[in-house]
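Trainee: Residues per chain are reported as follows:
Number of protein chains: 2
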Amino acid sequence: MKEAMDSATFVSMLRASISHWREQGKKGVWIKLPIELVNLVEPAVAEGFWYHHAEPKYLMLVYWIPQSAHTIPANASHRVSVGVVVMNEKDELLVVQEKTGTFGGTGVWKFPTGVVDEGEDICAAAVREIKEETGIDAEFVEVLAFRQSHRMFFQKSGLFFVCLARPLSFDIWKQDSEIEAAQWMPFQEYAKQPYCQKTEVVQYVIEICSAKKNGKYSGFAPVPTTSSFSDQKSYLYLDSHFRRRQACLGLTEASGVSMTEPSLPVSYASSRVELLCEKSCCFLHVESLIKIQSAYLLSQSLGKSNMAKKLQQIIRYDLMGNLNSVPCGSL
Amino acid sequence: MKEAMDSATFVSMLRASISHWREQGKKGVWIKLPIELVNLVEPAVAEGFWYHHAEPKYLMLVYWIPQSAHTIPANASHRVSVGVVVMNEKDELLVVQEKTGTFGGTGVWKFPTGVVDEGEDICAAAVREIKEETGIDAEFVEVLAFRQSHRMFFQKSGLFFVCLARPLSFDIWKQDSEIEAAQWMPFQEYAKQPYCQKTEVVQYVIEICSAKKNGKYSGFAPVPTTSSFSDQKSYLYLDSHFRRRQACLGLTEASGVSMTEPSLPVSYASSRVELLCEKSCCFLHVESLIKIQSAYLLSQSLGKSNMAKKLQQIIRYDLMGNLNSVPCGSL
Chain X
172 MKEAMDSATF VSMLRASISH WREQGKKGVW IKLPIELVNL VEPAVAEGFW
222 YHHAEPKYLM LVYWIPQSAH TIPANASHRV SVGVVVMNEK DELLVVQEKT
272 GTFGGTGVWK FPTGVVDEGE DICAAAVREI KEETGIDAEF VEVLAFRQSH
322 RMFFQKSGLF FVCLARPLSF DIWKQDSEIE AAQWMPFQEY AKQPYCQKTE
372 VVQYVIEICS AKKNGKYSGF APVPTTSSFS DQKSYLYLDS HFRRRQACLG
422 LTEASGVSMT EPSLPVSYAS SRVELLCEKS CCFLHVESLI KIQSAYLLSQ
472 SLGKSNMAKK LQQIIRYDLM GNLNSVPCGS L
Chain S
172 MKEAMDSATF VSMLRASISH WREQGKKGVW IKLPIELVNL VEPAVAEGFW
222 YHHAEPKYLM LVYWIPQSAH TIPANASHRV SVGVVVMNEK DELLVVQEKT
272 GTFGGTGVWK FPTGVVDEGE DICAAAVREI KEETGIDAEF VEVLAFRQSH
322 RMFFQKSGLF FVCLARPLSF DIWKQDSEIE AAQWMPFQEY AKQPYCQKTE
372 VVQYVIEICS AKKNGKYSGF APVPTTSSFS DQKSYLYLDS HFRRRQACLG
422 LTEASGVSMT EPSLPVSYAS SRVELLCEKS CCFLHVESLI KIQSAYLLSQ
472 SLGKSNMAKK LQQIIRYDLM GNLNSVPCGS L
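From first to last, the protein sequence lines stand for chains X and S.
Sequence positions in the first sequence follow my numbering and run 172 to 502.
Sequence positions in the second sequence follow my numbering and run 172 to 502.
Honestly, I wouldn't trust all of these hints.
Same chains, same names: a pair is fine if it fits in one copy or spans any two.
[Unchecked claim] In the EDC-like style, the derived pairs of lysine to aspartate or glutamate whose C-alpha atoms are separated by at most 16 Å in a straight line are:
(1) K261 / D342
(2) K203 / E226
(3) K404 / D308
(4) K404 / E371
(5) K345 / E269
(6) K384 / E289
(7) K302 / E349
(8) K281 / E263
(9) K198 / E291
(10) K203 / D342
(11) K228 / D262
(12) K270 / E349
(13) K203 / E289
(14) K261 / E291
(15) K384 / D262
(16) K387 / D177
Because the hints were derived from the structure by calculation, they are not lab data.
From a predicted model like this one, the values you see are computed outputs, not experimental measurements.
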């Protein structure tokens with residue numbers, strides 16, 4: 172509804188419409204009342220409508236015509252938030268102390284965290300929160316784990332996604348309104364905090380980070396996909412190791428190079444590997460990483476063990492998101 | 172607020188309270204109005220309050236005293252739903268045809284799907300939906316992937332979790348109200364459906380299932396955890412391969428058997444392995460699986476390659492959640 176009207180007119184219209192809809196066999200009736208039409212809320216409820224949901228500018232009411240139990244879908248039930256693990260090449264974590272909230276004044280150093288905005292992608296929210304709280308530019312790597320909790324906020328549930336991001340800058344400019352302090356802290360120092368020691372879920376995250384550093388953990392990486400419902404791209408988050416194998420395979424198929432191709436000219440393969448090693452000194456995008464990985468498989472299948480070893484180093488680095496910091500020396 | 176009052180009394184009380192809170196330097200003011208007090212909604216809005224959120228039985232209004240921009244947290248932003256992959260030992264998928272909704276009358280065979288109820292765990296919702304739609308009892312295995320979409324339902328976002336469950340019963344009793352038909356369908360036949368062929372996100376799920384069958388995919392498995400905020404257990408979902416390695420390690424440490432222990436008495440280890448192989452003929456819980464896995468590592472470290480091979484078979488089966496159907500013959 173848009174235009175203003177007095178409640179008497181509204182009620183007579185409403186009754187007429189509902190009896191009409193009843194004849195048509197309609198079931199659920201929705202009324203979306205802009206906050207300007209707040210005068211019509213009371214009469215609607217008097218007619219048997221109840222609240223479905225509300226946003227700052229409107230109230231949605233609903234009514235079920237049949238005698239049967241209604242099948243009206245529930246309102247949004249979850250708030251989504253992120254916590255982001257950002258580690259530099261020195262095994263230092265990006266951590267902050269919050270001014271307010273649960274951690275305000277506790278002196279606890281924690282990962283940057285925040286609520287995912289309406290309509291915002293989890294991977295975008297992670298990068299935004301890092302920038303807002305610490306001024307650090309970062310690239311999203313993957314979701315390491317997530318936690319579902321109930322009766323959090325107005326009885327709603329919460330989904331908290333623990334994310335991994337790769338730092339693209341290193342100088343901290345902390346935000347003053349919410350953040351007391353921010354720093355790069357040695358991983359072990361972070362883990363030693365009494366809060367971390369006594370909080371079970373944080374212990375899991377610390378174990379996950381350790382495993383990740385050793386390439387022994389696979390999170391969920393985002394891939395843009397379309398569904399049958401809309402052409403709008405939305406992210407599917409899936410096993411990052413699986414995704415890379417897929418992508419790696421795709422690349423080698425595309426480039427006409429098969430991993431198992433025995434007749435592969437050595438010269439071609441090795442020159443390609445050299446090229447990739449040069450590349451690895453600068454910042455590498457995922458595509459480049461995939462090339463590195465296929466090069467690694469190639470160099471292995473060609474028995475070029477030294478080259479394979481170097482490339483493996485690079486891939487290892489990437490597992491903690493520090494690929495951009497691989498020094499030329501390490502090649 | 173609880174007790175009924177006329178709007179004049181309400182407004183005078185409200186104005187007095189707000190001027191008092193302003194002096195105290197308070198910022199946000201919340202009013203939770205039960206639907207019985209709907210008469211007070213219009214006056215509250217007239218006083219400058221706006222809607223925050225609503226549930227069937229109440230409306231929450233909010234007001235910001237300072238001139239500054241408000242920092243009132245947003246309402247729940249996401250609806251959470253699940254789709255469940257249930258595969259039996261014959262590589263058949265549990266699929267349904269829906270009577271209504273997007274797929275009503277399309278003849279498309281799809282996985283059981285549904286909305287996660289308020290306060291319900293994702294893993295519980297997956298098992299519930301399978302039971303409701305097909306009558307099949309199942310055990311949750313892991314989250315294979317998840318997808319975040321925007322502007323789905325009243326402009327809210329959606330999180331869709333693709334889950335894997337292990338069937339515990341096999342006779343289908345379809346639900347009549349929402350389900351047109353239900354059956355066990357060969358995996359390849361499901362994948363060949365035009366809808367599956369032309370829908371990118373479904374293609375991903377099919378690839379994931381294929382990889383999972385071959386033990387080349389790691390989803391997120393739930394572990395109950397506590398946080399510093401509450402003692403209430405809530406599930407953390409993390410890399411299932413990682414989780415099993417952890418659990419396996421824990422078990423061997425608990426049992427005093429170290430994987431790398433060279434002085435391990437062969438007799439002890441092998442007898443333990445025999446015991447576990449017997450167990451594997453009946454339905455195995457995760458704990459038993461972990462024992463099987465440690466037994467597998469033991470038998471390997473002891474060079475008992477036949478035993479290792481048998482145990483690996485069992486673990487392979489489990490990766491598609493069919494451990495309970497391992498025939499004694501396969502041992």
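Trainee: Could you run down the list of hints and mark each one as holding or not?
Mentor: Quick rundown of the hints versus the structure:
For the homomeric pair K261 and D342, the shortest alpha-carbon distance inside one copy (14 Å) is at most 16 Å, but the shortest distance between copies (57 Å) is not. Taking the shortest Cα distances, K203 and E226 sit within 16 Å of each other both inside one copy (11 Å) and across copies (14 Å). Proximity of K404 to D308 under the C-alpha cut-off of 16 Å is found in neither arrangement, the shortest distances being 24 Å within a copy and 35 Å between copies. Taking the shortest Cα distances, K404 and E371 sit within 16 Å of each other only across copies (10 Å), while inside one copy they are farther apart (36 Å).
For a Cα distance limit of 16 Å, the shortest separation of K345 from E269 inside one copy, 11 Å, qualifies, whereas the shortest one across copies, 52 Å, does not. Taking CA atoms no more than 16 Å apart as the test, K384 paired with E289 passes in neither setting, with 33 Å inside one copy and 36 Å between copies. With identical chains, the CA atoms of K302 and E349 are at most 16 Å apart within one copy only, with a shortest distance of 13 Å there and 46 Å across copies. Taking identical chains as interchangeable, the C-alpha atoms of K281 and E263 lie at most 16 Å apart only when both belong to the same chain, with a minimum of 13 Å there against 46 Å between chains.
In this homomeric assembly, K198 and E291 never come within 16 Å of each other (Cα to Cα): the closest approach is 34 Å inside a single copy and 27 Å across copies. In the homo-oligomer, the alpha carbons of K203 and D342 never lie at most 16 Å apart, since the shortest distance is 48 Å inside one protomer and 45 Å across protomers. For the identical chains of this complex, K228 and D262 are neighbours neither inside a copy (47 Å) nor across copies (51 Å), given an alpha-carbon limit of 16 Å. Proximity of K270 and E349 under a CA criterion of 16 Å is satisfied intra-copy only: 5 Å inside one chain copy versus 51 Å between copies.
When the C-alpha separation of K203 and E289 is checked against a cutoff of 16 Å, the pair qualifies neither within a copy, at 20 Å, nor between copies, at 23 Å. Neither within a single protomer nor between protomers do K261 and E291 lie at most 16 Å apart by alpha-carbon distance, with minima of 31 Å and 41 Å respectively. In the homo-oligomer, the alpha carbons of K384 and D262 lie at most 16 Å apart inside one protomer (9 Å), although the nearest pairing across protomers, at 36 Å, exceeds that limit. For a Cα distance limit of 16 Å, the shortest separation of K387 from D177 qualifies neither inside one copy, at 67 Å, nor across copies, at 65 Å.
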